[in-house]
Every structure is written in structure tokens, then in C-alpha cells.
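J.: The residues making up each chain are set out below.
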Amino acid sequence: MKKVFIFSMIALAVTVTVFVGCNKDISGRTDGIGALKPANLDIDAGTWKPILLTAPDEFAVPAPSATNTPDYIAQVNEIKTWQANLTDEEKRIVNYWSGGAVLRWNEILRELVAKHNLPPYQNGDGTYPIPSAANPLAYPQFPFANPPYAGRAYAYVSTAQYDALVAAWHYKKLYNRAAPYKVDSTLNVLIPKSDLPSYPSEDAVVAGAAAEMMKLLFPGDQDYIQLKVEEHKHARLIAGANVRSDLEAGEALGKAVAQKFVARARTDRAGTAVGTPAIWKQLEDDCIARGEIPWYSLEVPRRPPMLPLFGKVKAFLFDSATMVNLIRPGTPPLTKSPEMADETAEILDFVNNPTRERIRIVHFWADGAGTYTPPGHWDAIAAEDFIPKNFSEVRWARNMALLNMALMDAGIACWDAKYFYFNPRPTQLDPNIKTLTGIPNFPAYISGHSTFSAAAATILGHIIPERKTAYDEMALEASLSRMYGGIHYRSDCERGLVAGAKVGEYAIQRAITDGAE
Amino acid sequence: MKILSMAGRALLAGFCMFISFIVNAQTDMDAIMMEKNAFCVGPMYSYSSWKNYWEGTLKRDNENLGTVSTQMIGMMGNYGISRKLNALFSVPYVKTKASAGTLHGMDGLQDLSLFLKWRALEKKLGDGKLSLFGIAGASFPLSDYVADFLPLSIGLQTKTGSARVMADYLWGNLFATGSATYVLRSNIDIDRTSYYTTEQHITNEVKMPDAMNYNFRAGFRNHRWIAEAVLNYWNTLGGFDITRNNMPFPSNEMDATTAGVNLKYVLPSLPQLSIVAGGMYTVAGRNMGQATTVYGSFFYVFDLSKKSKSTNQSSKTN
Chain A
768 MKKVFIFSMI
778 ALAVTVTVFV
788 GCNKDISGRT
798 DGIGALKPAN
808 LDIDAGTWKP
818 ILLTAPDEFA
828 VPAPSATNTP
838 DYIAQVNEIK
848 TWQANLTDEE
858 KRIVNYWSGG
868 AVLRWNEILR
878 ELVAKHNLPP
888 YQNGDGTYPI
898 PSAANPLAYP
908 QFPFANPPYA
918 GRAYAYVSTA
928 QYDALVAAWH
938 YKKLYNRAAP
948 YKVDSTLNVL
958 IPKSDLPSYP
968 SEDAVVAGAA
978 AEMMKLLFPG
988 DQDYIQLKVE
998 EHKHARLIAG
1008 ANVRSDLEAG
1018 EALGKAVAQK
1028 FVARARTDRA
1038 GTAVGTPAIW
1048 KQLEDDCIAR
1058 GEIPWYSLEV
1068 PRRPPMLPLF
1078 GKVKAFLFDS
1088 ATMVNLIRPG
1098 TPPLTKSPEM
1108 ADETAEILDF
1118 VNNPTRERIR
1128 IVHFWADGAG
1138 TYTPPGHWDA
1148 IAAEDFIPKN
1158 FSEVRWARNM
1168 ALLNMALMDA
1178 GIACWDAKYF
1188 YFNPRPTQLD
1198 PNIKTLTGIP
1208 NFPAYISGHS
1218 TFSAAAATIL
1228 GHIIPERKTA
1238 YDEMALEASL
1248 SRMYGGIHYR
1258 SDCERGLVAG
1268 AKVGEYAIQR
1278 AITDGAE
Chain B
33 MKILSMAGRA
43 LLAGFCMFIS
53 FIVNAQTDMD
63 AIMMEKNAFC
73 VGPMYSYSSW
83 KNYWEGTLKR
93 DNENLGTVST
103 QMIGMMGNYG
113 ISRKLNALFS
123 VPYVKTKASA
133 GTLHGMDGLQ
143 DLSLFLKWRA
153 LEKKLGDGKL
163 SLFGIAGASF
173 PLSDYVADFL
183 PLSIGLQTKT
193 GSARVMADYL
203 WGNLFATGSA
213 TYVLRSNIDI
223 DRTSYYTTEQ
233 HITNEVKMPD
243 AMNYNFRAGF
253 RNHRWIAEAV
263 LNYWNTLGGF
273 DITRNNMPFP
283 SNEMDATTAG
293 VNLKYVLPSL
303 PQLSIVAGGM
313 YTVAGRNMGQ
323 ATTVYGSFFY
333 VFDLSKKSKS
343 TNQSSKTN
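Residue numbers (the working numbering), protein chains in the order written: chain A, 768 to 1284; chain B, 33 to 350.
By construction, these hints were calculated from the structure, which means they are not laboratory data. No experiment lies behind these values; they were computed from the predicted model shown. Glycine included, every Cβ here is placed at the ideal spot set by N, Cα and C. Among the hints, erroneous ones may be present.
As the list claims (entries may be wrong) - Covered stretches of chain A, as calculated for chain B (at least 3 residues, CB under 8 Å):
1) 795-805
2) 1202-1209
What the hints assert, rightly or not - Derived DSS-like pairs: lysine-lysine, alpha-carbon spacing no greater than 27 Å straight-line:
3) K858/A with K791/A
4) K1156/A with K949/A
5) K858/A with K949/A
6) K1201/A with K68/B
7) K239/B with K91/B
8) K239/B with K858/A
9) K804/A with K791/A
10) K1079/A with K1048/A
11) K1201/A with K155/B
12) K239/B with K791/A
13) K804/A with K1048/A
14) K858/A with K1079/A
15) K191/B with K791/A
16) K127/B with K1201/A
17) K239/B with K995/A
18) K1048/A with K982/A
19) K68/B with K127/B
Stated by the list, open to error - Residues on chain A that point at chain B, a partial pick, calculated with CB under 10 Å:
20) E874
21) N884
22) L904
23) Y906
24) E1066
25) F1131
26) W1132
27) G1137
28) H1144
29) A1147
30) R1192
31) T1194
When you get a sec, could you build the whole thing from the sequences and use the hints?
T.: Structure follows, in C-alpha cells:
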């Protein structure tokens, strides 16, 4: 017994030591990616086709002072002064931002979406409050960054950054002011050197466009956003990447271009997508008039449907007639048909026989409340695949813009179908269906995950052809996850994939004609 | 002793969080020791449920969950390596359910817990007897159950190591026992690739804060009966609050104060067999369900010593 005792004690001591000795700090997958070193400067990107700008020089950028002027030399000396006493925190932000401006602002945007993706708690009378952009900090905080809202937010930030960078590249080539470390070879430089002209700063363009766009999208988070803008600019300055006037011109250009996108966003009909009680009732009545069982909210108390008029929002890649005629799916199985009964039975069988692998798939793709949503998940997938590609910032932005226009427009097309058909969820037709993830509060047909995922997989398969099969498999898995989870029928998912792929094709059409390929 | 060794065995752990930790039998928190080569083992059942919970510090209910219940069937055992050193284990099977809303319950084998309990000191003090204990524990998941589906997860998937100091004072048939435990908790991996706490994390690894547990119990014990009142305080050392109308997350700051009673009875006609029952209520909490728990169990003591086939372990109380 003595041996048992000693052995047990040693085993326990080892276990405990392992726990104690173990550093529990966690790191993110993109923390240590190193500095972006573009494989190709895309020096002619000023000729790429912008999305809203009429021309790359629609917004003027003044000519910079020459690099032999006292003004410029003073700016280089500002960098040198900073560099004489760099703190660890300053070195950290240089590393962080050197990973890529578009990447980091996409991550920040995803973070804000996740923070704000929470359905409001009900009022005392069983109604629900609606977040107000005019009073974003009062509960419920504005916005409720649900999937359509998020898809739209990613699209506007990405497209504004892209157009602003096209303009920036135009002026970079036009003015051709070298980076400070090219002008003064004694300058210490903490990031990879580049032959790209540094005026205006592409980093400041990206930050300025993002921040200006996010004033509209996340009006209650300006303190955080402005802090990030200042940190970003400071990081580029102390790294020796840019002089102050590069940054100031870049930020101003980014903001000016973003204003054009802000103006579009304010009139794209998203502001009225919430609908009214009369509209909510009309959707139900129309469905009943067709002889169908209408969708009901499965929450208690019943929550109004999520953004029923989001299908009316102005898309980037197609007009509404195209959407209705060419993308909107045909009629789903009638709610009282034997086909629908079979589809419902299939879902009941899935939830009654969950395997661990299927639950993993459900949760891997759930992207529900409190997350950056399915569009954010696809941005994350894309970002992690773009990192090793070493795209220039302008190509990063262009690819993200293509992806996010596809995601936003997939949301529009999907929401159009959802509220055109107003089909119930499986659990409404069979309350025995208990789900492995939360049931989204909007009609079933067609599946949002399927539509978003097929759209994303289609355009990403064009951008990174060697990953096309992988993306298609991921989209299929995301689609199936909604059946495994018990929240969608097979026809929701299959036809969602078809509609999403069509949306993705419109993004490809743009990609092959934008001058970047 | 030593029938009484199982006394607290079935005393459910003092805290039922969003997930149930009831399976942490509190025998590892009582002062009762098995004789050398005695092996006490038995099944246990518990039922725990809550309707109200604390979202951060805000107490609320949720019509989309109704009452969340947790049932547990477990097997627990305690082996006397020597009079001064016992080894304990527990293996629970857990099943959860929500009475309202649409979410699917979960079930599965949860975590294996192991403890070594060492009575370091036993001496007369005044009219009574003072004992001091050191207890080391470890636990790890027995299956790949889903941690990130609170409040319906059956556990948190974290591996733990714990160190406890405990003091017991016995005065006639009256006793008081107090203990403090530091629980080290390993990080966990979840099925998602990213999650938000108070900031975004681009990883599937979740940093789990450690925890402290304080337990105080007092009552009556003799060779036939134990009747005690138990107060327990679980305090997670870090973590974050559930945001408004959000779901709980494994690395929330889960705190709970529970109060309960335990009873144990040894059958006069068959002193190897004891019956145990008890219950507890969550008095205060944070990011926790306000659970009420009841449990019942019975235990049988086997004598595994080579010399004696008899199971005569009757006798004196500890």
C-alpha cells in the first residue's frame, strides 16, 4: 500500500505542477503573423474600377512638399525623436499594425459586430424595444448587429476602403513621394521597406475610411474607434513608414471617400428595414391568404421578425429586378404537403440522433447571438487565407470588398425570399424538434447560412482558385449544419446554396472586369 | 469508524452553476476517513433545477428556458490506503433539460474526480479532538461533451487540480469542519474558431480562470447518524459577466453561495450499508442559476484486507 500511496502522491503532484507551471495566456491566430510584405505593389491600382467614385481623382489630394524642404526634414526628425525612446507598448503596436491595415480594421469591425449582435430584452408589456441610432448608448444599444446588418456593415467598410485606396494609389503614382527611409537612409525603420510611394499613406486611408464609415454603423463606439485610428497612425509614424503629412493626407482622403459611401448607406433603405407592426401583420395575412401556414416567432414573448424589409435594400452587385427574376428561388414545398411532412421528419430525426461530430459542425458554423455572424465568419476565413498571399493593401481591400458585397447582397436576396414566402421553421411545424443552436427569429426559406456561404465560397474560389473545392465543401458543411441543428429543412439549405452561388457569380463578373486581374 | 466514512460521500458539492457541479461529492470536504483496506462504494442520484439566474449580478428568469434541470447518476468510492490516507473517486453521468423554449438538452459522462485525503494531525484539544487534513484533487473530462452550450452543457471540459486545507473539531457528538480550496483550471477548446468575451478572441482556446471554494459544515455525528448543515462559497477568480440578454459562457465569473443539509443513516442490522440524503439551495450568485438540489445515495463498505474476509467494521465514530 505504501507503493500505491507514493505513486498516487507523485501522480497528483505532477498533475498539479503541470497546471501551475502552464502559462494560460492565449494568443489569437493572427497575433504573430509578422509584417505584411506585399509580393506585388500593384502600382497601377489607381486605374482599377472603383465602386462609387466616378474617377480616382474625384477627391483632390494636394501635392506634398518636396523631400528636400525644411518641412519634410522636420517631419523625418519627428520620427527620429520618437524612435529614440520606444516603449514596449509602442513596439507592440508597430508589430500589430504591420500585419496589414485592411486586415486589422476588418478584425476591429468583426469585434464590434460581435459586441453588438445581441437581441434586445423585451419590455414589460411583452413588446420589444428597437435600438435607436440617435441614442446609441441607451438600452438597447444601437445597433443590433444581426447578420443582415453585419453583412451590410462589412460591405460598406470594405468598399469605402477599396475606393479610397484606388484613389490613394492614383495619387501615390502621381506624386511619387518616396518613403521617409528612402529619403533619409539614416532613419531606423521597423517594418519591411517598400518601393511604394508613401504619400498619401495607405494605412491612414484605410483607417480614415473605416472610422468615417463606422460613425454611421457603430455610433456608440467612437471612443474605441478613434483610439484605434490614433494608435494606427502613431504605429506607422514611429515605425518610420510614413511622415506625418503622409498620414494626414491619407486620413483626409479616406474620410472624404467614405462620405460618399455614408451618403449611399443613408439612402439604401436599410434604415426602414425593421418595418412596422402593420407590415408585420400584413406578411402574416398574405401568407394565410395563400393558404399557407405563416411563420411565427418561436420566442416568448413573440419577437417581431428580424428586418422584414431588408430584401428591399439597394444591393451593390445587381438591381432589384435582377434579384426578383434571376435570384429569388421558386416556391418551397407547401406547408401542408406530404413533402413538407417528410422534410420535417428528416429534421426531427437529425435532432433526435445527434452525433458529436454533427454538434461540432452545428456549433462551428452557428455564428449566432454574440458572434460576428456568418458574414464575419467568412471574412475571418478569407482573412486567414489572404495573409499568406501577401497582397498589397489595395488588393486586400479589393478582395474584401468583392467578398463583402457578395455577402451583403446574399443577405438581401435571402431576406427577400424569406419574407416573400414567410415559411415557418421546423420547430413550428413539429414542436418535438428541439434544436442544437438558437432558432433565428425570421422565416426559414431560404437558409441564410447557405446563401451567405455559397456566395462567399463562389467569390473566394475565384480569388484563390486552388482553394475553390475547399470553399465549396465549407459552404456545404455550413449549409448542412442548419439541418443538423434542427433549424432548417433540406430545401431551405439546398436552394439557399443555389441562390448564394448566383450572387457570388455577380461578384465574379465584377472581379473579372475591375482591372485588377 | 468507518461506516461513517461514506457519510459525506454523497454530500453534493455545494454549487450548481449553469452547469452542474453536483457530482463533486463532498466527501472530499468532510472529516471522515476510511479504515485501512476498507472500500466504500455506491451509486448516487441528484436532481437540480433553477428558474431564476444571475445575468452578471442581475437576477432574472427566461421564458425561453423555463426551468433548467440537471439530473445526475454517479458512482462514488473511497478506499482506505491507510487510516490516515484515503483515495476517493467519482464518476457522474449528467443529463440536462430546459422546460421551455426550443433548445435541446445534453447528456453524457462528465468528469472523473480523484482525491487523496491525508489526515496530517489528530490531537486532543480541550474536551474534543482536532484534526487537520490536506487534500489534493484532480479532475478531467471522461468524454468529449460540449462545454460551449450553456446553460445546457453538462460540464466545462476544464481539467482541474485542487489543493485544500481542512480543519475538523469533534466535541462529543458535535462537530464543525471548515475548508478552503484552490482550484486550478486548465484552458479549454471549443467548437468555434472565435468568440467574444469583453473583446474578440481569434482562437478556439478559452482561458479559464481559477477558482476558490470555501466550505463550512457543522452538526451531529455518531456511529449511526450524521446530521449537518453546510454552507459553501464558490468564487471564480476572474472571468467576465454575461452581457444583457446574452447566453452564458464557460469563462464567465461564476460565483455561488449555497446552504444545505445532509443526513446519513447506518443500518443497525447491516452496518456496512448506509443511506444518505440531502439538499441545498443557492442563496446568492453571479452568472449562475439559482439552483435547488436534492440527492440520495447509498453506500456499502467492503473489507479488502487479505487477512479478514469479514466485513466487521462497525464501531466507533471517527
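J.: Against the structure, test the hints numbered earlier, and report the numbers of the ones violated in rising order.
T.: Those not satisfied are hints 6, 9, 11, 13, 14, 18, 19 and 22.
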